[in-house]
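Going down the list, the protein sequences come from chains A and B.
The numbers in my numbering rise by one with no breaks, and the one at position 54 of the first sequence is 54.
The numbers in my numbering rise by one with no breaks, and the one at position 185 of the second sequence is 185.
Think of the hints as simulated: they come from the structure by calculation, not from any bench.
Idealized CB from N, CA, C, for every residue including glycine.
Don't take every hint at face value.
[Said to hold, decoys possible] DEER-style ranges, computed between Cβ atoms:
{"id": "1", "chain 1": "B", "residue 1": "Ile69", "chain 2": "A", "residue 2": "Phe111", "range": "47 to 53 angstroms"}
{"id": "2", "chain 1": "A", "residue 1": "Val63", "chain 2": "B", "residue 2": "Thr157", "range": "25 to 31 angstroms"}
{"id": "3", "chain 1": "B", "residue 1": "Gly70", "chain 2": "A", "residue 2": "Pro72", "range": "46 to 52 angstroms"}
{"id": "4", "chain 1": "B", "residue 1": "Ile69", "chain 2": "A", "residue 2": "Leu9", "range": "28 to 34 angstroms"}
{"id": "5", "chain 1": "A", "residue 1": "Ala77", "chain 2": "B", "residue 2": "Trp41", "range": "44 to 50 angstroms"}
{"id": "6", "chain 1": "A", "residue 1": "Gly96", "chain 2": "B", "residue 2": "Thr86", "range": "39 to 45 angstroms"}
{"id": "7", "chain 1": "B", "residue 1": "Pro46", "chain 2": "A", "residue 2": "Val20", "range": "29 to 35 angstroms"}
{"id": "8", "chain 1": "B", "residue 1": "Trp73", "chain 2": "A", "residue 2": "Leu9", "range": "40 to 46 angstroms"}
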Amino acid sequence: VIAQLAAALVGVWITAAPGVLGYAGAARLLAVTLGPIAASLALIAAWETTRGLRWGNVAAGAVLILAPWLLPGAHWAAQISNVLAGALLLALSLLGGEVRGRHGGGWSALFREPERG
Amino acid sequence: MARPEAKTGAESESYHAAPGQAAIPDSAEIPPGWDYNPADWSQRLPIVGLALLGFGIAAYLALFQVGAIGDVWEPFFGNGSRTILTSEVSRLLPVSDAALGAAGYLADAVAGIMGGRARWRTMPWIVVLFGVAVGPLGAVSVLLVILQPVLYDAWCTLCLASAVVSVLMIGPAMDEVLASLQHVVGAARRGESAWRAFWGLAA
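Take the sequences, apply the hints, and build the full model.
This is the structure in structure tokens:
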């Protein structure tokens, strides 16, 4: 839970970064698009049955880490923010957090025949 | 499959909570393979509360959009709320976007309150409808959040608050949807009618 809530805060930072650091252009568009998506996925993944959505943020984090190569002309502050926030998002999303409750086998139980004993 | 019965204090207490009525333990309403009941009121009422909060915010914004309120509360982003709420995107449909949002929140609240504590198996259709109402409302909210800076270079505080509320509802709503879908799929695997299970009819 804590990892996902922290990931949501990273998403908020990504969204706010262009305004705070003062950069524009393609890097800004990337940030204000990925930021809200990352924050939302993390907020939903904070709950145990929807924890799987964190894999979406693993992908978002990877995109942000690659951003300096995808957007070579962007402001240096944008590049540093993207790589740091992306790495943090990736790590927190991989971490996941523990699942305490039992949920009848989860979503995969809908598609997998239970073993008969 | 035998379910290990690990009764908590709260459960054994509510077993005796209603003297005179038929004593149905809470655990009888826990879906097989789960260790809590996702349709319990303690699970659902907070979501209904969020839906009503979202309804309040969206209704307020809609009143501004139709001109019933002259000004809109905006503590952080200057003229941002006004820019967003009078934008072309907000008027794409015959009804303003905040009014649609208010209707969506109201639908969430109604779908969240309907049915009893066992509705994951007695009324799977309302649980699925609830999930269908909550999910897209959140998705549209996030899309609108992205459009604020992309199209108008502005932020609207209460619109953001409404989006947070709608996204917060998704996670806690989905466990109940999962339990209902497991119930319907389970009926089908036992050779019973999934259709009848979905509508909560006897097998």
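Here is what the structure says about each hint:
1. Between B/Ile69 and A/Phe111 the CB atoms are about 49 angstroms apart, so this pair conforms to the stated range of 47 to 53 angstroms.
2. Checked against the hint of 25 to 31 angstroms, the C-beta distance between A/Val63 and B/Thr157 comes to roughly 28 angstroms, which is consistent with it.
3. Separation of B/Gly70 from A/Pro72 is about 48 angstroms and conforms to the stated range, judged on CB atoms against 46 to 52 angstroms.
4. At roughly 33 angstroms, the beta-carbon separation of B/Ile69 and A/Leu9 lies within the given 28 to 34 angstroms, and the hint holds.
5. Our hint of 44 to 50 angstroms for A/Ala77 and B/Trp41 holds, since their Cβ atoms are close to 49 angstroms apart.
6. For A/Gly96 paired with B/Thr86, a C-beta distance near 42 angstroms keeps the hint of 39 to 45 angstroms intact.
7. The supplied range of 29 to 35 angstroms is met by B/Pro46 and A/Val20, whose beta-carbon atoms lie about 32 angstroms from each other.
8. B/Trp73 and A/Leu9 have their C-beta atoms about 25 angstroms apart, which leaves the hinted 40 to 46 angstroms range violated.
Comparing the model with each numbered hint stated earlier shows that hint 8 is the single one that does not hold.
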